[in-house]
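From first to last, the protein sequence lines are chains A and B.
Using our numbering, the first residue of the first sequence is number 1, and each one after it goes up by one.
Using our numbering, the first residue of the second sequence is number 1001, and each one after it goes up by one.
Any given hint could be a false lead.
Interface residues of chain B toward chain A, partial, derived using beta-carbon atoms under 8 Å [to be verified]:
| hint | residue |
| --- | --- |
| 1 | Ala1081 |
| 2 | Met1193 |
| 3 | Val1253 |
Label-pair distances were calculated between CB atoms; the ranges are [said to hold, decoys possible]:
| hint | chain 1 | residue 1 | chain 2 | residue 2 | range |
| --- | --- | --- | --- | --- | --- |
| 4 | B | Tyr1243 | A | Thr65 | 17 to 23 Å |
| 5 | A | Gly114 | B | Gly1099 | 54 to 60 Å |
| 6 | A | Lys13 | B | Glu1150 | 33 to 39 Å |
| 7 | A | Asp54 | B | Glu1354 | 55 to 61 Å |
| 8 | A | Glu126 | B | Glu1312 | 55 to 61 Å |
| 9 | B | Thr1244 | A | Gly114 | 30 to 36 Å |
| 10 | A | Gly86 | B | Lys1066 | 42 to 48 Å |
| 11 | B | Pro1229 | A | Ile113 | 54 to 60 Å |
| 12 | B | Lys1308 | A | Thr65 | 29 to 35 Å |
| 13 | A | Cys36 | B | Gly1099 | 40 to 46 Å |
| 14 | A | Asp54 | B | Lys1308 | 43 to 49 Å |
| 15 | B | His1181 | A | Pro19 | 55 to 61 Å |
Chain B side only, calculated, beta carbon under 7 Å to chain A, not exhaustive [what the hints assert, rightly or not]:
| hint | residue |
| --- | --- |
| 16 | Ile1062 |
| 17 | Ala1138 |
| 18 | Pro1226 |
| 19 | Pro1229 |
| 20 | Tyr1243 |
| 21 | Gly1246 |
| 22 | Leu1250 |
In short, the hints are calculated from the structure, not lab data.
In this text the structure is predicted, and so the values were computed from the model without any measurement.
Ideal Cβ positions, reconstructed from N, Cα and C, are used throughout, including at glycine.
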Amino acid sequence: MTQAEKERVPIEKGFFTIPRDPSEPPSLLGTRCRSCSEVFFPRRKVCAKCLSQDTEDTLLGPRGTLYTYTYVHVPMFGTSRTDAQGYGVGQVDLPEGPRVQAVLSGGAEDFRIGMELELQLETLRENRKGQDVVIFRFRPLAAA
Amino acid sequence: MKLEDVAVLGVGMCRFGVHRDTTLTELAREAGLKALEDAGLGFRDVGEAFVGYMQGLPMLGIKIMKEFGLTGLPVTHVENASATGLVAFREAAHAVASGRCDVALALGFEKMTEMAWGGGGGRGIGRDAIDSVILPAAFFALWAMRRMHERGTRPEHFARIAAKNWNHGAKNPLSHRQPDHKVTVSEVLASPMIAEPLTAMMACPVDDGAACAILGRRDLAQRLRPERPRVSVIASALQTETYTPGHTFLGPVVGPASMTRDTARQAYEQAGVDPSDVSLALCHDAFANEELEYYELLGFCPEGDGEKLLEEGATQLGGRIPFNTDGGLIARGHPGGPTGLAQIHELALQLRGEAGPRQVANARIGLAHLVGGGSVCTVNLLKRN
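Excised from the complex, chain B in its bound form (with noise of 0.2 Å):
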């Protein structure tokens, strides 16, 4: 069997947010048993689960597994920083593929409120390390500089795209980030600086949350839900850094650019399709200026053109390629395991019709795609049959 005869059966998360008084337990299960109920499944049905989540001791992801009962399933852990959910995603898509099942689950889970940041001793937090400098706004703050010397880019840009994925979010109930008006470019560049040229209103915030998917062959999706539009993974790219020079080593760093390029490129040819067959894109918005570049490295625009590509409107609902039509992880949130996940349940709704207000008329093929820890990247698209 071939990937693209894998389906997304069912998809299932919980908002996004601040959960003080919900455990990471009771999130998965929530995630969980609605993906199941989604795809018209058990837990029984389910061959393998793929859990993703980035902090937490050993085990974690076979303890909050019992939680849907004791089949005696193999559980496999997933890892790879922001990228998580959606590598686990790809585990449990070629788990099918190969045949070692028909049904897999990919589960990614998280409570990024209650990480434990350290009190400086440990490696790579805070100031007195060799390799410090965590603040993730500060590394991708440094690739938005680089792009205001060499290509003029202004804060107005980023700013713009922040307010769109804000204002996507008003559009999904799931979304952590609902405003109740439009947000608008001066506001973004008025919120509180955090690291130049980037301010509060551009980054992502600090979120639990869990979410799930489904997997399975293609003839169950037919059989189970005879009456809804197949999505089927006709592409999954993973790759790590390829050296190049200038490669910076030390540090929490964005990675080589080129990173996103390759995975979009393998990603494509394994699909068969082009950048102007994808209907929309899910990217790694954790600062604003990231989709900028993604626009590029996605080949949704010549290199240079993503300012023009934005000023078109081109990259907002209704546009001709909208990107996080979620809210992003600036407006929908980003715990980190389940990110991916939550990309993987817009993607499904989209392709089956089923977002709303936030619709993108005759969406095709999706694309989702995260870099995690500035070493991995991961470009992946679901197809509608």
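Next up, chain A with everything else stripped away, as it sits in the complex (with noise of 0.2 Å):
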């Protein structure tokens, strides 16, 4: 395909990268810190467990084993959405440390404890100046 790609934009920024190459995952944005080694997702200047304001930023993911999960049945809150059939939400262990609570994409069956998944970025709608709006997910590595 040699569709020109749309410029990508993230729902808000200092969370994830988004690549040049669209089939290629994102990466979080976390933080490193340099006194205790401890790493941390959002960033953040203080180390959470040391105090240390020694802290660096480091790139995580884009691959996890998926710690706990639910399907929620009810459309999403605040939103004017009515495609909402459901959702799954989990709780994503990174390899560097971090857990990380994200939207799953995939269906209600989709999903047991213990699996690998792989971060994605999903487009949300497309903003005034004619880009898209992207957000992270992830999703179950065997239906990548």
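Using the hints, put the two chains back together into the complex; each one sits in its own frame.
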């Protein structure tokens, strides 16, 4: 496919990367404490564990293990969307340490605790500049 | 003066539920005046007030306090999500314990049914936000699913807790939900699925309401209501999260389970009592699976034995350690700001022996627990003297 790629922008800056190649998974933007080596998502200036301010940016993901999940059968809170047929929510353990809570891509029967998932970007809408506004999700790796 | 020299002088609340034709001010006034009457005091006797609500404009609490009269008393706003009411209670108790005043009032009010959920533009609201999935059922369901995975807990266990609390509500005239029949496990399981494994009947309703407690010096309790058993505050612990590996920062979360365990330990130490000394407990059962976890985290059984405690019937009225005797958040209701003060209302009635058909025999020490926004926990102990 040689279709021209639309520019993609994050729903909120500072949480994930947007790779130039849309087939590449994104990374999450995290923080590593230089003093005690603890890793956090999202980014923070002060280490939550040892309180050191000697912290550095680090990239996390794109893979993790499903710690727990649920499938929500009622429409999303606060949205005017009527297309909601339910959605998965999970907590994903990244090998670097952080546990990330996020919406999961897939159907009600697609998840089990301990499975491997991969980050992906999902387009939410097009903004006024014609760019795609994207957010990160986790999807079961088998469904890739 | 110490905390244990502080007594609950009076309590008052209006029945939680949908109060479309009653204003927030009217609800708050009803609860406050009832509590003053219960204490045998007038508003002029109140030295300080602590008002709790989760939503509303700045100064709302001070404006509402004007309903009781303008006496110049200091008013402080408190907001700690679901834990708001108990934290207002805690501040009022400490205002008396510190000697700042002889009588303090804690008042919580809320109209959750009018909560502005926004159009998806607000932070943390809706799917299209970086910290999305605000639906509380979802993140408490994550906890339930993990427990089922680790311990073999079944949805029937959660349903049994929900049915128990619905049936407790039937014995409480101030409960929102007062079923006209005995609610069964299968009925709870058959109600619509919200977030697996939690069904609608395993969740608290959306409520309006107000509740109030009057705290004062112990000797005042003796003087004002000599015929009544005295109810003393023997512990009030409040904690936020302590960092543990695997902590989840983004999105509304349940918070680490250790938060309740640590806060409870602090409360027991403060009071010099053990869980075995406690006669009844009220906990944050916004969703039924939470109560199962708190059996263990509050120290009423070893870790992993929650299901056993439940199956023995220990936590229902008549059992060894009845939980949520007034129906809990699931039946009595959970308007937010006033929820913790409704717990204090129930503990005061139980410890005085005035709880009617749901009276716990020889209730001596009562526990009130709430978590708020997955980020705070408070455990309070009251004792009959």
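Now the hints, each set against the structure:
1. Ala1081: violated (16 Å)
2. Met1193: holds (5 Å)
3. Val1253: Holds - the Cβ of Val1253 (chain B) comes within 8 Å of chain A, reaching about 6 Å at its closest.
4. B:Tyr1243 / A:Thr65: 17 to 23 Å: The hinted range 17 to 23 Å holds for Tyr1243 (chain B) and Thr65 (chain A), with Cβ atoms some 21 Å apart.
5. A:Gly114 / B:Gly1099: 54 to 60 Å: Because 56 Å falls inside the window, the suggested range holds.
6. A:Lys13 / B:Glu1150: 33 to 39 Å: holds (37 Å)
7. A:Asp54 / B:Glu1354: 55 to 61 Å: For Asp54 (chain A) and Glu1354 (chain B) the Cβ distance comes to about 59 Å; the hint holds.
8. A:Glu126 / B:Glu1312: 55 to 61 Å: holds (58 Å)
9. B:Thr1244 / A:Gly114: 30 to 36 Å: violated (21 Å)
10. A:Gly86 / B:Lys1066: 42 to 48 Å: holds (47 Å)
11. B:Pro1229 / A:Ile113: 54 to 60 Å: violated (49 Å)
12. B:Lys1308 / A:Thr65: 29 to 35 Å: For Thr65 (chain A) against Lys1308 (chain B), whose Cβ atoms are near 30 Å apart, the range 29 to 35 Å holds.
13. A:Cys36 / B:Gly1099: 40 to 46 Å: The hint (40 to 46 Å, Cβ to Cβ) holds, given that Cys36 (chain A) and Gly1099 (chain B) are roughly 42 Å apart.
14. A:Asp54 / B:Lys1308: 43 to 49 Å: At 48 Å between Cβs, range holds.
15. B:His1181 / A:Pro19: 55 to 61 Å: Holds, at about 58 Å.
16. Ile1062: violated (29 Å)
17. Ala1138: At about 5 Å, which falls below the 7 Å cut-off, the nearest Cβ of chain A leaves the hint on Ala1138 (chain B) intact, so it holds.
18. Pro1226: This hint is violated: Pro1226 (chain B) lies away from chain A, its Cβ roughly 51 Å from the closest one there, beyond 7 Å.
19. Pro1229: Not OK, violated: Pro1229 (chain B) not within 7 Å of chain A, min 44 Å.
20. Tyr1243: With a minimum Cβ separation of about 5 Å from chain A (threshold 7 Å), the hint on Tyr1243 (chain B) holds.
21. Gly1246: Holds, about 4 Å.
22. Leu1250: holds (6 Å)
Checked against the numbered hints above, the structure breaks hints 1, 9, 11, 16, 18 and 19 and satisfies the rest.
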